[in-house]
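So the sequence lines, in the order shown, correspond to chains A and B.
The first sequence begins at 1 in our numbering and counts up one residue at a time.
The second sequence begins at 448 in our numbering and counts up one residue at a time.
Fair warning: there could be bad hints in the mix.
[Unchecked claim] Restricting the straight-line Cα-Cα distance to at most 25 Å, the calculated cross-link-like pairs of lysine to any residue (SDA-like) are: (1) Lys726/B - Trp72/A; (2) Lys281/A - Pro598/B; (3) Lys612/B - Gly421/A; (4) Lys726/B - Ser431/A; (5) Lys364/A - Thr116/A; (6) Lys438/A - Val510/B.
[Claimed, not checked] Which stretches of chain B does chain A cover? Using the computed rule of at least three CB atoms under 8 Å from a CB of chain A, they are: (7) 493-499; (8) 578-584; (9) 593-607; (10) 721-727.
I should point out that these hints are in silico values taken from the structure, not numbers from a laboratory.
Every residue, glycine too, gets a C-beta built ideally from N, C-alpha and C.
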Amino acid sequence: MKQRALAVLACLAVIIAGCTTQSKEAGKTVISYTRWGDPAELDSTKELIAQFMKENPDIIVRVDVVSWQDYWQKMATAVVTGTAQDVWLMSASYVEQYAAAGHLLDLMPFVDADPTFHEEDYFPHAFDNFTYVDTSGGKGTVADLRNVPFRQGKLYAFTRDYNCSLLYYNKDHFDAAGVPYPTDDWIWQDLADAARKLTIDFDNDGIMDQWGCQGANWSTLASAIGGEVIDPVTRKSNFTPRPGSSQLYDAIVFNLDLLYKYKCAPPPEVGIEEYAFVTGKVSMVIEGAWEIRNYNRSKNLWDISLVPLQYKNSRRTTGGGGVAHVIYSGTKSPDAAWRLVRFLSGEISQRALGRSGTSIPVLKSAAYSDDFLADFDRPPKSSYSVIYKNLLGSEFIPTYSRGYLEYMKYSRQKMQEVWLGVTSALDACKSIDEETDKILAEQYGTE
Amino acid sequence: MIFRRRNRGPDYSLGGYFFLLPNFVGFMLFVLLPVLASLALSFCRWHIFNDPVPRFVGLKNFVTLLHDRDFWFYTYNTTFLMLGIPVGMALSLALALLLNKGIHAIRAFRMIYFLPTVSSGVALLVLWLVIYNPQYGLFNYVLSKVGIQGPSWLSGGLELKWLEKLGISPMCYWSKIALMIMGLWNGAGGYNMILYLAGLQGINPELYEAADVDGATAWHKFHHITWPMLSPTTFFIFIMSLIGGFQGGFEAAYVMTEGGPAGSTTTISYEIFNQLYVKSQAGYASSIAWFLFAVVFILTMASWRYGGRVVHYE
Numbered sequence: 001m002k003q004r005a006l007a008v009l010a011c012l013a014v015i016i017a018g019c020t021t022q023s024k025e026a027g028k029t030v031i032s033y034t035r036w037g038d039p040a041e042l043d044s045t046k047e048l049i050a051q052f053m054k055e056n057p058d059i060i061v062r063v064d065v066v067s068w069q070d071y072w073q074k075m076a077t078a079v080v081t082g083t084a085q086d087v088w089l090m091s092a093s094y095v096e097q098y099a100a101a102g103h104l105l106d107l108m109p110f111v112d113a114d115p116t117f118h119e120e121d122y123f124p125h126a127f128d129n130f131t132y133v134d135t136s137g138g139k140g141t142v143a144d145l146r147n148v149p150f151r152q153g154k155l156y157a158f159t160r161d162y163n164c165s166l167l168y169y170n171k172d173h174f175d176a177a178g179v180p181y182p183t184d185d186w187i188w189q190d191l192a193d194a195a196r197k198l199t200i201d202f203d204n205d206g207i208m209d210q211w212g213c214q215g216a217n218w219s220t221l222a223s224a225i226g227g228e229v230i231d232p233v234t235r236k237s238n239f240t241p242r243p244g245s246s247q248l249y250d251a252i253v254f255n256l257d258l259l260y261k262y263k264c265a266p267p268p269e270v271g272i273e274e275y276a277f278v279t280g281k282v283s284m285v286i287e288g289a290w291e292i293r294n295y296n297r298s299k300n301l302w303d304i305s306l307v308p309l310q311y312k313n314s315r316r317t318t319g320g321g322g323v324a325h326v327i328y329s330g331t332k333s334p335d336a337a338w339r340l341v342r343f344l345s346g347e348i349s350q351r352a353l354g355r356s357g358t359s360i361p362v363l364k365s366a367a368y369s370d371d372f373l374a375d376f377d378r379p380p381k382s383s384y385s386v387i388y389k390n391l392l393g394s395e396f397i398p399t400y401s402r403g404y405l406e407y408m409k410y411s412r413q414k415m416q417e418v419w420l421g422v423t424s425a426l427d428a429c430k431s432i433d434e435e436t437d438k439i440l441a442e443q444y445g446t447e
Numbered sequence: 448m449i450f451r452r453r454n455r456g457p458d459y460s461l462g463g464y465f466f467l468l469p470n471f472v473g474f475m476l477f478v479l480l481p482v483l484a485s486l487a488l489s490f491c492r493w494h495i496f497n498d499p500v501p502r503f504v505g506l507k508n509f510v511t512l513l514h515d516r517d518f519w520f521y522t523y524n525t526t527f528l529m530l531g532i533p534v535g536m537a538l539s540l541a542l543a544l545l546l547n548k549g550i551h552a553i554r555a556f557r558m559i560y561f562l563p564t565v566s567s568g569v570a571l572l573v574l575w576l577v578i579y580n581p582q583y584g585l586f587n588y589v590l591s592k593v594g595i596q597g598p599s600w601l602s603g604g605l606e607l608k609w610l611e612k613l614g615i616s617p618m619c620y621w622s623k624i625a626l627m628i629m630g631l632w633n634g635a636g637g638y639n640m641i642l643y644l645a646g647l648q649g650i651n652p653e654l655y656e657a658a659d660v661d662g663a664t665a666w667h668k669f670h671h672i673t674w675p676m677l678s679p680t681t682f683f684i685f686i687m688s689l690i691g692g693f694q695g696g697f698e699a700a701y702v703m704t705e706g707g708p709a710g711s712t713t714t715i716s717y718e719i720f721n722q723l724y725v726k727s728q729a730g731y732a733s734s735i736a737w738f739l740f741a742v743v744f745i746l747t748m749a750s751w752r753y754g755g756r757v758v759h760y761e
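Chain A on its own, in the form it takes in the complex (with noise of 0.2 Å):
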């Protein structure tokens, strides 16, 4: 019986002995790594892994990726459990939430350390999101972090893409209804009526076969004037028009306008497939960079142009760099994981993410390069200054605080019964105000 108890026993040893992991690989580091992507993403993240092992020998990585919808319960988790990757991908909506908690490593002095780093490398802003200081002087448990200039401050993040959202126009359909294209300093008001005139019942069924544009996308009309979400400095919502700051107020009047008024875009009832552009049933759309690949199934010719602005003389703004890596605070080999932020950066990595079209290089000579939309015969290579001039001509204005996913979420729900025609602009935007008021006052401790 005993013999038969100790076989067991022994038995049980094995397995768990099988249980723990090798990782000991002579004298070389282990670093993790974890981003969100599609499977075309895993499958170019890990080229790029291996490029990085090859060059840094002394470095192996461990590549994990998951979805965006799960990634962030994925990170909430891991940073509480206090089992994060050493480096992962961040969201700019993100930092100041994971920074003020603790999470993420002051990467300045890296930065000053290195002389390869120069900030004319990259487009400008491209550092504005990720850069804080704490104002709370020790009081409290969790940072009080506002957002400073580049180099005034901690840099929580390390650039990697940008954001910047683009109008694309279908030629062929503007051609047809003998339109002239768009111009890049257009007005909302060109806008409507360059819509207007391309909303087509072409067999008078009552129903039309193809609308002038899909809906404005308040929010990035907005934010390309200097609308602002939320008040940097009072951290209070920003919906209600006041004088003087009412362009996201006015941005979702012109989306209301462009529904019931000029009757240009379809309305919710119509229930219009997300790529309308593409199966050429809108004939323009405002969207970010990244669809630029997936516009390419579009059997359509069609080009891009600046988002309209509200008036001739509006300033143009820009939320700035938008994708970023992090090193958790709780790493163990914080200089292999520079290494590996900055080759993630670098001109591999930036050419690389320029030829997939997914977002648009921080790099500017990754942007410039041949590689860049290398894939994509839309839109033409001319076209590409248009990117470039929003890149580069456009002023900053911070987006983002705390619990910014959770008040835009609400907005957008809020929003879903104005475009239903059950609430009005106004009443939403107080109503909205209120949650993100109560939303931040949680956030920031100051209910």
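With chain A's structure known, arrange chain B on it following the hints.
Same frame as chain A, but now just chain B:
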């Protein structure tokens, strides 16, 4: 036998415990421990980013919960979706009765009706997204064939002005109805049907023969033999559906509607998820989870206590 057990019993039980050990350890570590931790958390405030450690706040979360209008709205959503349970059970029973007849290709039919249950849940939900598309969806296409112009099922609604006078939001969305219909389709042919089939096959055929001799009609036979003999099955399915109904609605909300429009498809389980992963409130999320447990527990107990009376055990 008794002789042997007395002699060698300890050996066997010791070995048996060893075999139980992996499962038991797994259960303790990955089920019981988190469950107890969440019970402790439900008495704490813990914003997972802004509070470094959970802070004990006593019953505050539960008091907040009782005054949380949104939460009661989500509870209403959850119970509304459960209105489909009796209909779904009737459909399951009807299918089981049909499949219990000696018709051709009976196995093929059984398989077809069981198919939604073995299919990937998310794939089905995506399929239903297409079915409910207001322009090209199958659902509105069929409706249009009988002269009805279908609404936008997942985002549209009706504005009923008279509700405003009662102090209720006048907007009635189609989304809950849409999810209920979907639930019926997914659920009718699933495990409930199989349980009913098993129940039907367990009924002694002599009962029917005796009824035939007495000249009973089909309805009489169903009413006086089938239904009472199936009552334990019906009761079991009802209890399980009740539990499942209170915990349900997460997948549909996560994949199809984001809980919208205007929160109309947010159920209790989706709200727990939201509180944790969108609002980072681990403590409050745990409170809701334990509140849900209490509700399910009490309802199940009550069903056993009072529902047992209508169940006929052979």
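- Query: Hey, lysine 438/A versus valine 510/B, does the alpha-carbon distance stay inside 25 Å?
  - Reply: Status holds; Cα separation ~19 Å.
- Regarding the pair lysine 726/B and tryptophan 72/A, is the alpha-carbon distance no greater than 25 Å? Holds - the C-alpha atoms of tryptophan 72/A and lysine 726/B are around 12 Å apart, at most 25 Å.
- Item | Pairwise hint evaluation, proline 598/B against lysine 281/A, where the allowed Cα distance is 25 Å at most | holds, 20 Å
- Item | 8 Å C-beta test of the stretch 578-584 of chain B against chain A, three or more residues | holds (count 3)
- Message: Given the hinted pair lysine 726/B and serine 431/A, is their Cα-Cα distance within 25 Å?
- Response: holds, 18 Å
- Taking a Cβ-to-Cβ distance below 8 Å as contact, does the stretch 493-499 of chain B have at least three residues touching chain A? Answer holds; 6 residues pass the 8 Å Cβ test.
- Task: Starting from lysine 364/A, check that the Cα of threonine 116/A is at most 25 Å away, please.
- Result: Distance ~15 Å between lysine 364/A and threonine 116/A Cα, so the pair holds.
- Task: With a C-beta cutoff of 8 Å, work out whether three or more residues of the stretch 593-607 of chain B approach chain A closely enough for the coverage to hold.
- Result: holds (count 6)
- Apply the coverage criterion to the stretch 721-727 of chain B and chain A: a residue qualifies when its Cβ sits closer than 8 Å to a Cβ of the chain, and three qualifying residues are needed. n = 4 at 8 Å, threshold three: holds.
- Item | Pair hint lysine 612/B and glycine 421/A, alpha-carbon separation not exceeding 25 Å | With Cα atoms ~19 Å apart, lysine 612/B and glycine 421/A stay inside 25 Å; holds.
The structure fails none of the hints (numbered hints given earlier).
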